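As they're listed, the protein sequences go chains A and B. With this note's numbering applied, the first sequence has no gaps in its numbers, which climb one by one up to 193 at the end. With this note's numbering applied, the second sequence has no gaps in its numbers, which climb one by one up to 1633 at the end.
Check each hint, because a few of them may be wrong.
To be verified - Okay, the calculated bits of chain A under chain B, using three or more residues with CB under 8 Å as the criterion:
{"no.": "1", "stretch": "97-104"}
{"no.": "2", "stretch": "118-124"}
Claimed, not checked - Okay, derived cross-link-like pairs now, DSBU-like style, lysine-lysine, Cα gap no bigger than 30 Å in a straight line:
{"no.": "3", "chain 1": "B", "residue 1": "K1540", "chain 2": "B", "residue 2": "K1561"}
{"no.": "4", "chain 1": "A", "residue 1": "K182", "chain 2": "A", "residue 2": "K80"}
{"no.": "5", "chain 1": "B", "residue 1": "K1587", "chain 2": "B", "residue 2": "K1547"}
{"no.": "6", "chain 1": "A", "residue 1": "K182", "chain 2": "A", "residue 2": "K91"}
{"no.": "7", "chain 1": "A", "residue 1": "K91", "chain 2": "B", "residue 2": "K1540"}
{"no.": "8", "chain 1": "B", "residue 1": "K1587", "chain 2": "A", "residue 2": "K182"}
As the list claims (entries may be wrong) - Cβ-to-Cβ under 8 Å is the rule here; a few derived chain B residues that face chain A:
{"no.": "9", "residue": "N1571"}
{"no.": "10", "residue": "V1572"}
{"no.": "11", "residue": "D1575"}
Think of the hints as simulated: they come from the structure by calculation, not from any bench. Nothing here was measured: the structure is a model prediction, and the numbers come from that model. Ideal Cβ positions, reconstructed from N, Cα and C, are used throughout, including at glycine.
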Amino acid sequence: MLHSYKTAQLSGFLLFLAAAASAAAVLSSRDVRELVGGPVDPERVWTVQSGGFSARGDVWTTARIGTFSDGSAVAEFAWKETASVIVFDQKAVNSTQDIARFRRRDFVDEFDGAVCTQRRWLRADSLEHRSEVVCFSVADGPADVMVSLSIDDGSRHIELYAEHRATDERDDALTLLRNFGKDVQLHATEKTS
Amino acid sequence: MPPKRRPEVNALRAILTMSALLVGANASAGKDINWQLDADARLLADARERLEAADLGEASGVVQLFLRRHIDVRDDAVSETVEMAYFYPGDESVQNDGSDEIHWDTHDQDLTVLAASVLSSDGQTHAFDRRTAQVLSDDSDNVFTSEQKVILQLPGLDAGSISVLAYRRSVADRDHFLFGGYAMASLPSLYREFSVAWQGQRPAWHADETAFDCEQTERSVSCVSRMTEPGETDERVDYYDVLPKFTVAADKSWDEVIEDLTAEIANATADRAALALLLDDVRDSELPIETLLAFVARKVRYASFSEAEHAYRPHAIGQTMKNRYGDCKDKSVLMLAALDELGVDAYATLVATFSQDPESLAVPSRGHFDHMVVCAQLADGERCFDPTVAHAGAGTTPSGIQGRTRLNLVPGSTPDRVPTDEYVWEFEVESDLVFQANGSQTERLVRRYPGPYGTLYRRALARREANERSEWLAERHEEAVAELEEATFSVTGVDDAREPLTVTSNGRYDGVAAPGEALSYSDGSFWIRNEIIELEILNKHYDVHIKGRRYRSVYRFDLNKLWRLRDIGANVEFDSRFGRFRRQYTKRRGQVHVETVFEVPSQTVAVADFDAFNRFVELASDQTGILFWGEAR
């Protein structure tokens, strides 16, 4: 497992260690493929506080909540058996900066010598703030890649926590994870989900 | 926010005067004021009648029962009679609004007080004792008002009482008067009427259609306001521009206003013999205009002598050179004449320091303006000089007048705005920080302030001795960042405003890091952060004019081989319609370089955009923190 606690509640993460560990134990005993749902419907809007978000991803499929997270996610997605995206509703939970700090620290604590980069920008013609942390493991052999993308438009704030386990094609893996985030859009009001 | 009763001020420009200076309250009591207190009974009866007819419900604050302003334009004089009455429903209203004041121009107006008394809750009438009147100067720095105000502490006020006040201001100059007032007060008002009657030529008058109902006859007009609720107040607003008002002035065109004043300036600058020595020095200078400005701004001290006919008439430049003092008009025409001798295309410009909307000057009159500067067409465009600003940086129009409503005294001109630079407030910070083995950090910091910031620093530093300067700079440094140990400061550009004001400091911050342990470093980048935060808009009702900001900082951190650099913080590119924030980290052999740029060009932010603008400001200020991590060696 890449991480032992995949939860929206970063600030109190110590309290979640036990729960996340048990979740990890459950996951390790299951065949992930059984938990994977259908393809991503671009018309679907997942509900978060004060609105929702939509996603695309021709190569991605939806997964049941709890497949990759501790159950606190609002949506989960899978690519084959090695990549996943977990969407957390971070509104009123964590700031984008808290998330960036925590995800980086989390990764470098787990992977000695890991390299992380960060960038932040505003989506064109908007005040939608996007904050991205990208980390690679640098040990010999297949690499683990993590991308945490926070999207905060002032009213809604979600985090896309994406990881690709044990890949020999690090750049391709990064592109795969980043492309998912590019197509995610926040919506002011809920549609049907 | 204006004082509650200020909208009653007669001369509209007086609303802008910010500072009041006591000028011998007792000695001046009653000076130049005629007391003719014979209208009290009539006004009290009127006020009582209106109060009885009104349904004030649970009103707790002061209510204006009526305000009547009548302007009488005669062949030989113009007078304005003001009658007003207030009701005080509770103790708080008495405490907060129990004093009255009248503003007038002591040089060209005669003031007669016609009524000042109180009908207290027990039915007793209390007349004002004229011996208790306090006369205060109502002048602002560097503008040519000759305003004074008399403060009247009305006796006998208690909860449930009524006060009345009436006065008349007269001017002998029928050609240049300007009177007016706002459609609403800053408190509830039951009735507000503005009227004018005239002999001979009809004066120019304007009443905002959205606020007044007017009736006109051949020789009079009367306008009653529909605005009974108080005007909205805000943090940053020029009320002159946003509140509907009634204005009446001598019927003149802008060209006639310009003609009158250019004739005065021509007289004042006709004899230029006194400029000879000054011009010799200026011509020898590499930067003649800057040298001239420095002379007029710093070698001719500011002193207002707008006595008698000099309210709008500058003194002869020979007299100003001899006196070595003058007000904005005197300094401006002195500079104008010298620029003319240098062959520069320059012209005097009237400025309304309380307005940024030329449309708010509904009728042509010089009375709208309270300041004079000089503008010139230079190779790189128009630039305005304010010789009352003693330490203005070179190459820019002083920030205080940028964007303000003006009238160039050039035939054919109409009011517009003093040009605004895209970026007005600018600075640049360069910090070289070296981590030390004992956990401290040494810093060499260079800050450059080219424009108005430089003016502020110069103003503060110029009046301090060398040792006091260091102390003052150390205090500012601690306020902005943290205490700097063993700090030394040096400053350049204080005496010569042609150079950017530059502050260089060296010092040490203790207890910054723990060598031998992993480094998780954060720096507030406070020089920029503190300024960004200030941009938050607190207004609620009125658009805000923002003067452009451009800040740049470069921090160079040297890890001094104490740590191996591991990660750096986030590069940031925030481009928005309001401005941009950019942060770029660069790793360089044991060093981290962090460049930050924040730019918000001059702009007007509409009320509907306040939330978005403030979000941009908040997002930018949130990104100012510098982060990097290192492994102990």
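Right, here's what the structure says about each hint:
1. 97-104: Held - the stretch 97-104 of chain A has 4 residues with a Cβ nearer than 8 Å to chain B, which meets the minimum of three.
2. 118-124: holds (count 5)
3. K1540(B) <-> K1561(B): violated, 53 Å
4. K182(A) <-> K80(A): holds, 20 Å
5. K1587(B) <-> K1547(B): violated, 35 Å
6. K182(A) <-> K91(A): OK: K182(A) and K91(A) at ~20 Å, within 30 Å.
7. K91(A) <-> K1540(B): Holds, at about 26 Å.
8. K1587(B) <-> K182(A): holds, 28 Å
9. N1571: holds, 5 Å
10. V1572: Where the cut-off is 8 Å and the nearest Cβ of chain A is about 5 Å from V1572(B), the hint holds.
11. D1575: Since chain A brings a Cβ to about 6 Å from D1575(B), closer than 8 Å, the hint holds.
The earlier numbered hints that this structure contradicts are 3 and 5.
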